Amino acid sequence: MALSPHHMTLVLGGARSGKSLHAEGLIEAWPAPWTYLATAQAWDDEMRARIALHRERRSGDWITRDVPIDLPRAVAEAPGPVLVDCLTLWLTNLILAEAEVEAAGAALIAACAGAPGPVVLVGSEVGLGIVPDNALARRFRDAAGRLHQRLAARADHVVFMVAGLPMIVKPAPGANP
Amino acid sequence: MALSPHHMTLVLGGARSGKSLHAEGLIEAWPAPWTYLATAQAWDDEMRARIALHRERRSGDWITRDVPIDLPRAVAEAPGPVLVDCLTLWLTNLILAEAEVEAAGAALIAACAGAPGPVVLVGSEVGLGIVPDNALARRFRDAAGRLHQRLAARADHVVFMVAGLPMIVKPAPGANP
Amino acid sequence: MALSPHHMTLVLGGARSGKSLHAEGLIEAWPAPWTYLATAQAWDDEMRARIALHRERRSGDWITRDVPIDLPRAVAEAPGPVLVDCLTLWLTNLILAEAEVEAAGAALIAACAGAPGPVVLVGSEVGLGIVPDNALARRFRDAAGRLHQRLAARADHVVFMVAGLPMIVKPAPGANP
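Residue numbers (this note's numbering), protein chains in the order written: chain Z, 864 to 1040; chain A, 864 to 1040; chain U, 864 to 1040.
Just so you know, these hints were derived from the structure itself, not from any lab. Since the model is a prediction, treat every value here as computed from it, not as a measurement. Just so it is clear, CB atoms sit at the ideal spot from N, CA and C, and this is done for glycine as well. One thing to keep in mind: the hints can contain errors.
Said to hold, decoys possible - A partial selection of chain Z residues facing chain A, derived with a Cβ cut-off under 10 angstroms:
#, residue
1, Gly877
2, Ser880
3, Glu909
4, Ile926
5, Glu988
6, Val989
7, Gly990
8, Gly992
9, Ile993
10, Arg1001
11, Phe1003
12, Phe1023
13, Val1025
14, Met1030
15, Pro1034
To be verified - Computed far set for chain Z versus chain A, every beta-carbon distance over 10 angstroms:
#, residue
16, Ser922
17, Ile932
18, Ile958
19, Ala1000
20, Gln1012
21, Ala1016
22, Asp1019
23, Ala1026
Full structure from sequences and hints, please.
See below:
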């Protein structure tokens, strides 16, 4: 299977900035089957509604898997193009489970490099507001920023979403500037 | 009257990022009279001072109207170039008045499309910090993000302000890349 | 000493976006000695650890000075390229000391213009989240936004960091677009 050269893409942006929809469009430019790795855990009705909305939007060509913790393995096992939605909730799950965040990040990067198809990862940018009062929020914010930096350094293509539109942070190889 | 092709412009950015000043400059590039639609409601002294400061800055060629709720009608009735400052406070007013946010957004888009002159809309980006604790703030943040996405999809030109300088999100038609 | 034309550079971005590392790289492209002006005050262990980490990373060619308040004088006295890290903590120190923030900003701009070598200033963007509940945080956010705008207007080069990668806000003179 000849894949696009955009092997690893990172889609960053704020809440309701159109990250997931943009990421789905990138994946659907490759041949199916498409794997959607959902890291959200449905703790409450608000989250359940959000998950249902995302799921409805995707066509029958998508395979959806719930992967709250073991994301590296799921990326490595995906049969084709794979969408990780999202890094931020994965990180939250890791921290709540008291897992090793740095090691998990390294394992994810290795899994992306070895994945059979292209990988698109979605992450929420959470570091552009006032410093949070509570220490756990600051720790989370730091971990998210570090993970995004490590992934962005390896990614072939990075975008920052604003109001549903992608701003290019790192141009895709071969793209016009 | 031959207007610039930039019929609808969206100016996004954080607090104190120079959104209003940039938007005023865009409007003043067209012939007067210029209409300023102010959505701010002066609840307290801090807000009154802010409104007064913005008002002082604008010359006598500006017509200022206070429009906390019925923004679509005011946009449609403006005699020439019109500046909406800002979407974020309008949305706050709608939510506090328990108005239909989605329908109001659709009415605003229709009004922009039918306006006799160019429209410049200013909105605050509020979705790039830590997820807020309270549900109302999350609901507001989601509504703002959705409104911005819908407007950005229709706009001819979208900028994201950083420290008073515009970053191009969607280039104006005919602009050099 | 023939310096690069990038006399004054402003590096903005969120928490953990790679601002300091990028700024250090800009400074190290000029001949040593390099001066690092640290505005952080070690109030607690979390801050002490952060300061130690930054200090370890820099080589012996760096002169480090702690400058919580009198930044303009320290910039003017630096013998060569100087890195200010960061504006945000400086502003916090000024506000806590009840100093004149506007006057200090003007003095800093004058010092940058008169400095013998290039100046790189790092600042945290804090205005892209939900409006903070407390008035002091809002006042701080406003002061930071205004300071960044004033510096960006004078700077030769402004970048906005996302996940360790610089997005160009104002291109360096002579740079390819």
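*Going back to the hint list, which numbers does this structure go against?*
4, 15, 19, 23
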